[in-house]
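Trainee: Counting from 1, position 35 in the sequence shown corresponds to residue 35 in the working numbering; the numbering is continuous, with no gaps.
Bear in mind the hints are in silico, worked out from the structure with no lab data behind them. Check the hints yourself; a few may be wrong.
Straight line, CA to CA, 35 Å or less: simulated DSBU-like cross-link-like pairs of lysine-lysine [what the hints assert, rightly or not]:
id, residue 1, residue 2
1, 15, 106
2, 35, 4
3, 85, 15
4, 15, 115
5, 85, 4
6, 106, 35
7, 85, 35
8, 106, 4
9, 106, 85
10, 4, 115
11, 115, 35
12, 115, 85
13, 35, 15
14, 15, 4
Estimated spans, in silico, between C-beta atoms of each pair [claimed, not checked]:
id, residue 1, residue 2, range
15, 121, 22, 21 to 31 Å
16, 1, 98, 14 to 24 Å
17, 89, 138, 31 to 41 Å
18, 25, 100, 27 to 37 Å
C-beta: ideal position from N, C-alpha, C; glycine also.
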Amino acid sequence: MNWKIRPNRPEDTIKLAEIYLSVRRQTFTWVDPGKFHREDFAAHTNGEVVSVCEAPDGRIAGFISIWAADDFIHMLYVLPEFQGKGAGAALLQSLPAWPRHTYRLKCLVNNSHAKAFYLAHGFQVTGRGASTEGDYEELSFTPAATE
């Protein structure tokens with residue numbers, strides 16, 4: 001598929017908030033779904049760079065948000081109907097200087113599908129921790145890991 005990656009626009013906010021809410025509720029089945037709210041998207045992406053992935057028909061398939069100062073990928077969410085079709089890879093490839101730059105992220109241990117995706121794209125486990133949504137692993141992408 002030919003994905004279009006573009007900067008987030010104000011008119012995307014409602015759709016991105018819906019994606020964030022629905023994918024978290026579907027994926028994080030071990031967390032009370034009542035803890036997730038539509039307003040979380042704006043709060044959780046405040047100060048971040050958000051890019052949108054559009055399908056060839058113009059529908060928004062997902063998004064990525066990064067805290068640029070730390071090269072930290074905070075979120076990468078793709079609607080289920082677009083998962084496994086290259087949308088997530090296109091979002092990663094849209095990152096500045098990808099794949100010649102180091103990036104890191106946190107992935108919940110229970111989210112085995114996401115972890116497999118990141119490992120397949122050259123990330124390696126570099127740390128562990130705990131959050132209110134469960135234990136996580138820190139994953140890092142370094143250019144040397146892809147050579």
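Trainee: Now, for every hint given, state plainly whether the structure supports it.
Mentor: Going down the list of hints, with the structure as the test:
1. A threshold of 35 Å between alpha carbons decides the hint, and for residue 15 with residue 106 the separation of about 24 Å falls inside it, so the pair holds.
2. Proposed proximity of residue 35 and residue 4 is supported: the alpha carbons are some 32 Å apart, at most 35 Å.
3. Between residue 85 and residue 15 the alpha-carbon distance is near 20 Å, which keeps this suggested pair within the 35 Å criterion.
4. Between residue 15 and residue 115 the CA atoms are separated by roughly 25 Å; this keeps the pair inside 35 Å, and the hint holds.
5. Distance check on the hinted pair: residue 85 and residue 4 sit about 13 Å apart at the alpha-carbon level, within 35 Å; holds.
6. For the suggested pair residue 106 and residue 35, the alpha carbons sit about 19 Å apart, so the restraint of at most 35 Å is met.
7. Simply put, residue 85 and residue 35 have alpha-carbon atoms about 29 Å apart, close enough for the 35 Å limit, and the pair holds.
8. With a C-alpha separation of about 25 Å, the suggested pair residue 106 and residue 4 falls inside the 35 Å cut-off, and the hint holds.
9. A threshold of 35 Å between alpha carbons decides the hint, and for residue 106 with residue 85 the separation of about 23 Å falls inside it, so the pair holds.
10. At most 35 Å may separate the alpha-carbon atoms for a hinted pair to count; residue 4 and residue 115 meet this at roughly 24 Å.
11. Taking the CA atoms of residue 115 and residue 35, the gap is near 23 Å; set against the 35 Å cutoff, the hint holds.
12. At roughly 17 Å between alpha-carbon atoms, residue 115 and residue 85 fall within 35 Å of each other, so this suggested pair holds.
13. For a cut-off of 35 Å, the pair hint linking residue 35 to residue 15 stands: about 19 Å separates their Cα positions.
14. Distance check on the hinted pair: residue 15 and residue 4 sit about 16 Å apart at the alpha-carbon level, within 35 Å; holds.
15. For the pair residue 121 and residue 22, the beta carbons lie near 23 Å from each other, so the given range of 21 to 31 Å is met.
16. With their beta carbons about 19 Å apart, residue 1 and residue 98 fall inside the hinted range of 14 to 24 Å.
17. Checked against the given bound of 31 to 41 Å, the beta carbons of residue 89 and residue 138, roughly 21 Å apart, lie outside it.
18. For the pair residue 25 and residue 100, the supplied restraint of 27 to 37 Å holds, since their beta-carbon distance comes to about 36 Å.
Comparing the model with each numbered hint stated earlier shows that hint 17 is the single one that does not hold.
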